[in-house]
Amino acid sequence: MTTDTLENTEHHDEHHDQPTGIKRWLFTTNHKDIGTLYLWFSFIMLLIGGALAMVIRAELFQPGLQIVEPDFFNQLTTTHGLIMVFGAIMPAFTGFANWMIPMMIGAPDMALPRMNNWSFWILPFAFGILLSSFFMESGAPNFGWTFYAPLSTTYSNGSTAFFVFAVHIMGISSIMGAINVIVTIMNMRAPGMTYMKMPLFVWTFFITAYLLIAVMPVLAGVVTMLLTDTYFGTSFFDAAGGGDPVMFQHIFWFFGHPEVYIMILPAFGIVSTIIPAFARKKLFGYSSMVYATASIALLSFIVWAHHMFTTGMPLFGELFFMYCTMLIAVPTGVKVFNWVATMWKGSLSFEIPMLFSIAFVILFTIGGFSGLMLALTPVDFQYHDTYFVVAHFHYVLVTGSLFSIFAGTYYWLPKWTGHMYNQSLAHWHFWCSVISVNLLFFPMHFLGLAGMPRRIPDYALQFADFNKWVSIGGFAFGLSQLIFLAVVIKCIKGGEKAADKPWDGAQGLEWTVASPAPYHTFSTPPAIKDE
Amino acid sequence: MTTKEYESYYVPSQSHWPIVGAVALFLIAVGAGNYVSDMNSEDGGYGGYILLAGIALVLYMIYGWFSDVITESLAGKYSHQMDNSFKQGMSWFIFSEVMFFAAFFGALLYLRVFSVPWLGGEGNNAETAAVLWPDFTAAWPLLKTPDGTETTAMGWYGLPLINTVLLLTSSITAHFAHTSLIKNNRSQLKVWLGITILLGIAFMYFQVEEYAHGYSEEMRLYLTSGVYGNSFYLLTGFHGMHVTLGCIMLIVMFFRVLKGHFTAENHFAFKAASWYWHFVDVVWVMLFVFVYII
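Chains as they are written, first to last, in this note's numbering: chain A, 1 to 531; chain B, 1 to 294.
Everything hinted at is true.
Short, incomplete list of chain A residues facing chain B, as computed with Cβ under 10 Å:
#	residue
1	Asn-30
2	Ile-122
3	Gly-158
4	Gly-233
5	Ile-251
To be clear, the hints were calculated from the coordinates, so they are not data collected in a lab.
Keep in mind the model is a prediction, meaning the values are calculated, not measured.
Virtual Cβ for every residue (Gly too), placed ideally from N, Cα, C.
Modelling step: build the complete structure from the supplied sequences, incorporating the hints.
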């Protein structure tokens, strides 16, 4: 879609005085401010979660117990997972959504700006509670990020109640954020911005928001049952009272599987925005991308028990969930094909966002293939709870979601800050990341296939060599992210002035406004022209 | 670009209510966490006070935030589009509530269809049952759990039936109140809305009576009485909390009506409260069928 370049950038600034200081951030109703808050928050969480992972990898550097006690190791893996999923990846995408969606659809702001601020400010408190449990007598949660009963009920430590209530308020934040996105997209599109003209990032986040609204309440429900089982004497997950610990897994993964698509669909959107820009072609198969995203989202509701093949489900269940899961490869394949077809015979150039996007396509596909292997019930019997699973979900979450976040950040940094980032530093960030991340996660496949179980602080001697390389890769990848921090800070402070549209192939309304984007954009809706 | 006429969308300037709300939720989470953790200890801890402070702060926040919104609305700052935002926001909020209840109904269904029969030896579980729970027979309502806790079942006649009638009637009167508002018949509006609120309060009263009956020596139906008691109290309890919330909303609407708020065209808050009321009604019907009757 093309648009008029509008002169509607300057004459809206008189709308409100731009407030300054801490009050600007605490009381803000501005989607760009809130987007920035989300992005910084998620980056801080990434560093904290990453620091926890560093300790894990240091312990696993060689066999034997060196640095931490097994119980503390469990607290580390649990908190690392929770922080990365709920604190780093999800808020980062919400940050993109806040910054970009109103600009991409030509809206003056999010539909419910005050609620938007509330959604954000709940998060630091929720994660404050979660992290503070490290300093409690009982220690932090130690039952894995999936908090399976009875680990989280009968055998849990004293901080479980804090974990539950932290998850509750985190859920409130996500639901309000999702409602805001849905209402903004349904109600605030500029005239002429029909659904099938929306940029793909808007589409993917629209669908993500539906997933959030549908499953975050289920998460709230399951942690509530966990709370009453632990503290109020109910027995939902206890056979002695007629319950079933496996029921926990069913309800949890009914939330959990859509949740993993919550963390990848926006990534698809970002990559589908960036690849056409640097291939200087239209996205191949726009509408099939939309339908593929929707089908992935729908299918995500009927595949949850593929996380539970080894729980002794009836055979019918095993088969049903296996076939449904394999079906997801079809729309995902459509997407990968479309990205490749977009690049086919394009005038490619390899700026940093494009490099991260191409790395995303290749490495996410590897994660997808290992997912397909895990989907096969009989095969999963062997892979279940091994490092193969760890390798799989780190390929989709780190080289998938996180790489798309990097790609998106480099792509829109000029629009956010008004400056170009430092090219050579950014190249260092990309190459260090892409090499170290494969050193970090690829050998995990072999470890898993050889039978190394996940979530253990010590391991048999035959796993020692691979673990050493994995740890080295881990430290390198962790340190590489400090380069990213340096790039972002340098870019905010200064650098080459960015043009309104620094990428010649970029499409979309956000490039029709000045760089940096004015505090208020599109107070009057822009005109959307047909192609 | 040709400048067409668009209603401008009101983007509020800075507001301190969201951060107050975030602090309030923080206090609630910390307070509830401490309260639950120390519940069984001797001194009982101080969590309850933090929790109460959090709830008080949330009420203060809601009052202040909504006052701002009402003031803006009465000042005519809201466009038709803003009204749509509110309506869609409320509908999706109700949808999220539906999914919250879906988790508990799903649990109830799983317990009844899988968990309890499997414990009794169905499927391929005959030997497990024979070794672990030889004396257990699967039945629903689960009146005797595998570990031997006994209880009795709450019938659907009597109080639950009365409550069903009360709540269904209140949904109808809420609808009448709405139509009176649209017809601009303020006195009828007050009457119907008042009746709705009274029916809601009567429902809550009987719900408490029912709980007292359940906890009596005669019935011995406790929250801890195995999965039948668990699902019964959690489902009806969360529903009761939502009825309470809905009732508070309706009472606020009543006072706003007395103050002369709302017009036949412009009454989003009233609509939202009435949608919410219909929602708790539908949940009750599901409860009545799946918890009490079947």
